[in-house]
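Visitor: Full structure from sequences and hints, please.
2 protein chains.
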Amino acid sequence: MSGRQVSEEIQQQLKAKVDKLQLKPRLTIIQVGDREDSNVYIRMKIKFAEASGVETERLRLPNTVTEKEVIDHIDRLNKDNTVHGILVQLPLDSVNPISTDKITNLVSPDKDVDGLSDVNAGKLLHGQVDGRSCYLPCTPNGCMALIAKSGVKVEGARAVVIGRSKIVGSPMAQMLIWANATVTVLHSRSQNIPDIVREADILVVAIGRAGFVKKDWVKPGAVVIDCGINAIPDATKKSGQRLVGDVDPAVADVAAFYTPVPGGVGPMTVAMLISNTVDSAERKSKSN
Amino acid sequence: MSGRQVSEEIQQQLKAKVDKLQLKPRLTIIQVGDREDSNVYIRMKIKFAEASGVETERLRLPNTVTEKEVIDHIDRLNKDNTVHGILVQLPLDSVNPISTDKITNLVSPDKDVDGLSDVNAGKLLHGQVDGRSCYLPCTPNGCMALIAKSGVKVEGARAVVIGRSKIVGSPMAQMLIWANATVTVLHSRSQNIPDIVREADILVVAIGRAGFVKKDWVKPGAVVIDCGINAIPDATKKSGQRLVGDVDPAVADVAAFYTPVPGGVGPMTVAMLISNTVDSAERKSKSN
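These protein sequence lines are chains A and B, in that order. Quick note on numbering: our numbering labels position 251 of the first sequence as 251, and the sequence is numbered without any gaps. Quick note on numbering: our numbering labels position 41 of the second sequence as 41, and the sequence is numbered without any gaps.
Keep in mind that the hints were calculated from the coordinates and are not lab data. Careful: at least some of the hints might be erroneous.
What the hints assert, rightly or not - In silico negatives: residues of chain A with every beta carbon more than 12 angstroms from chain B:
hint, residue
1, 1
2, 59
3, 67
4, 77
5, 123
6, 233
7, 236
8, 260
9, 279
10, 283
As the list claims (entries may be wrong) - Residues from chain A that face chain B, not an exhaustive set, calculated with beta carbons under 8 angstroms:
hint, residue
11, 119
12, 120
13, 121
14, 126
15, 127
16, 155
17, 164
18, 166
19, 180
20, 182
21, 184
22, 186
23, 189
Every residue gets a Cβ at the ideal spot worked out from N, C-alpha and C, and that includes glycine.
Guide: Set out below in structure tokens:
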């Protein structure tokens, strides 16, 4: 299942939505420093936004910026009515001590289109997932869209999430619970992982280990979503490496649906970010 | 395993802690209306607080109070430096429309000793469970204390939580995940519940159905924590009813540890509330 293709469908839907709005949705991306991987991700986000009719503003702060200065920028953007979404690109690349946790939580919850603030995570834990009351974090929300696209019946299904990170695994499990799946969370301290994975009708993997999930762990006909992005050596590439997921691609032989890396979850994460931004603008438009 | 006994041990520890503080911990309980069950719970909380050296203030508001008036009280208490914990007794018993969700979230996160605000829930989902950065909700935190007391090794254990409520099931699952258990969440839409329960080394039940979990569902030697409180008819009682849990008491024959209802989780919930209040006062004392 191509995440790229699904994300393009979403892009068309967003564009149609934006065309009907009285205002122009606007996303501000704050970048501290100049990490090359961040540059790549930000370019992808801007490209998708533009194709969806969403304005972007990229605020580049030098790596000498202080925490206080970043906070002042966020305060200003929180108050700016023309800005509907604020994204702080992580990780922060600064020579000064800046608390990622503090910064993330200073973004106003109603502009937190990344869904990473404690308030939005709390609403998720509390089951307020109707799409109006909170922003869902983009990667797990993208996985949910792929799962929906697969056609699998989520209600009553056995779902297994491998990984418990705050950005992917933990919110993913909670989103599947509220979608009425029976959810098991596995992580680095879990035992008998292959046996438990074999029970999954829906398997989402975000543990950060190249090719961790093997073909013979997967129930035939399962839906397998791979959130991993791991660089492994590859002498045939100019860069000397290539990106692979957390799932052995041979899993495609037994799974009913399997998302490749790259081109699976990645594009969906970007699509969900822009979707959250358009939702924010739409709410703003209705409240005017 | 008697929750009453464990809660009394905690009471002694809290009292020793309070005796060393420069200030007197203080908890304000806001009660809207006059529900009899709320009166019973509030009396238990006040009794435990007093025995622990914690001052309480019970703010009784008539059922004609408006949302605005409740909000004004919370604002005042948030600003009052002598108040370390604010508890809004639920459910609200009012003739006026008052949003429980709104009220709960207006309590300052650093005085939210019930741990019910979105911010505190978000910190839990994000794994900030060190006891300094957030208040954990009282019932699941009480269950964790009982599980610790049972001596079972939580890390790597299979844990099953039945129920996904915002007050018990969902935060309980998340707390077990951060304690390194492999956690499965079951709920009303789950299938094959008995088979999945049989795999549990640790079983926490909060589904609100009298005697739901049967003896033959439980793995011999498991730790079973019953959060249920259900009234069932009993002609031998003056009131015509009695309280039972979500677990058939016959489970005690196979479980290594089993918490009875009443006298299991209930007293622990109260103990954790007062423990959070003492922690709040201690933090305040250190920041002075």
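Visitor: Now tell me, hint by hint, if it's right for this structure.
Guide: Results of checking the hints against the structure:
1. The claim that residue 1(A) lies off the interface holds: its Cβ sits roughly 25 angstroms from the closest Cβ of chain B, which is beyond the 12 angstroms cut-off.
2. Non-interface call for residue 59(A) relative to chain B: holds, since the shortest CB-CB distance, roughly 25 angstroms, exceeds 12 angstroms.
3. Remark: the non-interface label on residue 67(A) is consistent with the geometry, its nearest Cβ contact in chain B lying 18 angstroms away (cut-off 12 angstroms).
4. With a least CB separation of 21 angstroms from chain B, residue 77(A) remains clear of the 12 angstroms interface cut-off, as annotated.
5. For residue 123(A), the requirement that its beta carbon stay farther than 12 angstroms from each beta carbon of chain B is not met, with the minimum near 5 angstroms.
6. Look at residue 233(A): its CB is around 32 angstroms from the nearest CB on chain B, clear of 12 angstroms, so calling it non-interface holds up.
7. At the 12 angstroms boundary, the C-beta of residue 236(A) stays outside the reach of chain B, the nearest C-beta of that chain being 39 angstroms off.
8. Consistency note on residue 260(A): stated as away from chain B, and its beta-carbon is indeed over 12 angstroms from all of that chain's, at 28 angstroms minimum.
9. The Cβ of residue 279(A) sits about 18 angstroms from the closest Cβ of chain B, beyond the 12 angstroms cut-off, so the non-interface label holds.
10. At the 12 angstroms boundary, the C-beta of residue 283(A) stays outside the reach of chain B, the nearest C-beta of that chain being 18 angstroms off.
11. For the restraint placing residue 119(A) at the interface with chain B, the shortest Cβ-Cβ distance is roughly 5 angstroms, inside the 8 angstroms limit, so the hint holds.
12. For residue 120(A), the interface hint holds, since its Cβ comes within 8 angstroms of a Cβ in chain B; the closest pair sits about 7 angstroms apart.
13. Residue-level restraint check for residue 121(A) holds (minimum Cβ-Cβ distance to chain B is 4 angstroms; threshold 8 angstroms).
14. The interface hint given for residue 126(A) is met, as the beta carbon of that residue sits about 4 angstroms from the closest beta carbon of chain B, less than 8 angstroms.
15. Among the interface hints, the one on residue 127(A) holds; its C-beta lies about 6 angstroms from the nearest C-beta in chain B, closer than the 8 angstroms criterion.
16. A least Cβ separation of about 6 angstroms between residue 155(A) and chain B falls short of the 8 angstroms threshold, and the interface hint therefore holds.
17. Taking 8 angstroms as the C-beta contact cut-off toward chain B, the hint placing residue 164(A) at the interface holds, the least distance being around 5 angstroms.
18. For residue 166(A), the interface hint holds, the least distance from its beta-carbon to any beta-carbon of chain B being 4 angstroms, beneath 8 angstroms.
19. A cut of 8 angstroms between beta carbons decides the hint on residue 180(A): the least distance to chain B is about 4 angstroms, and the hint holds.
20. Against a cut-off of 8 angstroms between C-beta atoms, the interface hint on residue 182(A) holds, since the closest Cβ of chain B lies about 4 angstroms away.
21. With a least beta-carbon distance of about 4 angstroms to chain B, the hint placing residue 184(A) at the interface is held under the 8 angstroms criterion.
22. Interface hint at residue 186(A): satisfied, since its Cβ lies 6 angstroms from the closest Cβ of chain B, which is below the 8 angstroms cut-off.
23. Checking residue 189(A) against chain B: minimum C-beta separation of about 4 angstroms stays under 8 angstroms; hint holds.
Checked against the numbered hints given earlier, this structure breaks only hint 5.
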